[in-house]
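Enquirer: Numbering (the numbering used here), first residue to last: 2 to 268.
Be careful, since some hints might not be right.
Derived Cβ-Cβ restraints for the label pairs, each shown as a range [stated by the list, open to error]: (1) 125 with 234: 20 to 30 Å; (2) 209 with 157: 17 to 27 Å; (3) 229 with 259: 21 to 31 Å; (4) 171 with 231: 14 to 24 Å; (5) 239 with 74: 14 to 24 Å; (6) 263 with 192: 35 to 45 Å; (7) 230 with 263: 37 to 47 Å.
With a straight-line Cα cutoff of 30 Å, these simulated DSSO-like cross-link-like pairs (lysine-lysine) come out [stated by the list, open to error]: (8) 108 with 94; (9) 94 with 266; (10) 83 with 108; (11) 83 with 126; (12) 132 with 92; (13) 108 with 132; (14) 108 with 266; (15) 94 with 126.
Rather than coming from a laboratory, the hints here were simulated on the basis of the structure.
Beta carbons are placed, not taken as given, at the ideal position from N, Cα and C, and that holds for glycine.
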Amino acid sequence: MHWHCIYTALKSGGVWSKCQRLLIVWEAVKAKPGVLIMRRNILETSFFTTFCTIILSLAAALMASAPAHAGKAWHEAHYDEKDDIRVFTRKVKGSDMMTFRAITHVKSTLTAPIALLEDAERAHKWVFSCKAMALIEQVSNTSALYYMVTDMPWPVSNRDSISETSVSQDPDSYVVRVDISARNDVFPENDDHVRIRTMTGYWQMTPQDDGVIEVVYEAHADPGGGLPSWLVNSFLVDAPLETLRGFRDLIGEEQYQTASRQYIKNL
């Protein structure tokens, strides 16, 4: 439907004339079978009735035409049956960049994912487009600062980011969560990379039966540099999919499965 025309009609003239113009435009919209068409004779009714009818009709039309993943609803964008990886996407209010959530299941201790995530030197082996990662500072047992360079396809400039991680575990459910957020007050930006200044996300490990854990990886970021949202969103499936594939390849290694952390309890 021609919402721009409706919006233009609303913007011009007084309140009553706005309603008149809107009804004229609305009448011109081709109705679907079974849908009541508002006609010009509505103009003969009271202002209050007309106004309420317009608002309710617009709301109904917007709800009917809204995409399945609008608002808080997740849309399943990809399912890799072989590796048991599901990728979901959804829109984010106030941002042109969408967010993703990827889910998989692996047989692992709850500590192993933490050990893998903390192994910055090997991040380039499994994190999507990670060119290099380094630990800046171990703030505490459960918090750290990391610097990462993201390799971008030509002719886009590579990105860099500084993130703070915070690890926590629910004492009752044993669920482990690693929250990630951008930190822009640590190092100044340089000419070699474009700084990713907006980034939030988390990893969550939930114990299941028979030593299996559910792994959830969710993130939202704006790579900056004026990249169009359609280009950024085009990587929204590949990034978590390839990252979780790499995660699955390495998580079973002995150095991670035998790792221990005082702040993490395994079942």
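Enquirer: Could you run down the list of hints and mark each one as holding or not?
Expert: Hints, one by one, checked against the model:
1. In this structure the supplied range 20 to 30 Å holds for residue 125 paired with residue 234, their Cβ-Cβ distance being about 24 Å.
2. Range check, residue 209 to residue 157: Cβ separation about 39 Å, and the 17 to 27 Å hint is violated.
3. The hinted range of 21 to 31 Å is not satisfied by residue 229 and residue 259, whose Cβ atoms lie roughly 46 Å apart.
4. Range check, residue 171 to residue 231: about 38 Å between beta-carbon atoms, so the 14 to 24 Å window is missed.
5. Look at residue 239 against residue 74: about 22 Å separates their beta carbons, and that is inside 14 to 24 Å.
6. Range check, residue 263 to residue 192: Cβ separation about 42 Å, and the 35 to 45 Å hint holds.
7. At roughly 43 Å, the beta carbons of residue 230 and residue 263 sit within the given window of 37 to 47 Å.
8. For the hint pairing residue 108 with residue 94, the CA-to-CA distance comes to about 36 Å; that exceeds 30 Å, so the pair is violated.
9. Distance restraint check for residue 94 and residue 266: the Cα-Cα separation of roughly 36 Å exceeds the 30 Å cut-off, and the hinted pair is therefore not satisfied.
10. The straight-line distance between the Cα atoms of residue 83 and residue 108 is roughly 15 Å, inside the 30 Å bound, and the hint therefore holds.
11. For the suggested pair residue 83 and residue 126, the alpha carbons sit about 21 Å apart, so the restraint of at most 30 Å is met.
12. Between the alpha carbons of residue 132 and residue 92 the distance comes to roughly 28 Å, so the proposed pair stays at or under 30 Å and holds.
13. For the suggested pair residue 108 and residue 132, the alpha carbons sit about 28 Å apart, so the restraint of at most 30 Å is met.
14. The hinted pair formed by residue 108 and residue 266 meets the criterion: a straight-line CA distance of about 16 Å does not exceed 30 Å.
15. Between residue 94 and residue 126 the CA atoms are separated by roughly 33 Å; this puts the pair beyond 30 Å, and the hint is violated.
In this structure, the earlier hints numbered 2, 3, 4, 8, 9, 15 are contradicted, and the remaining ones agree with it.
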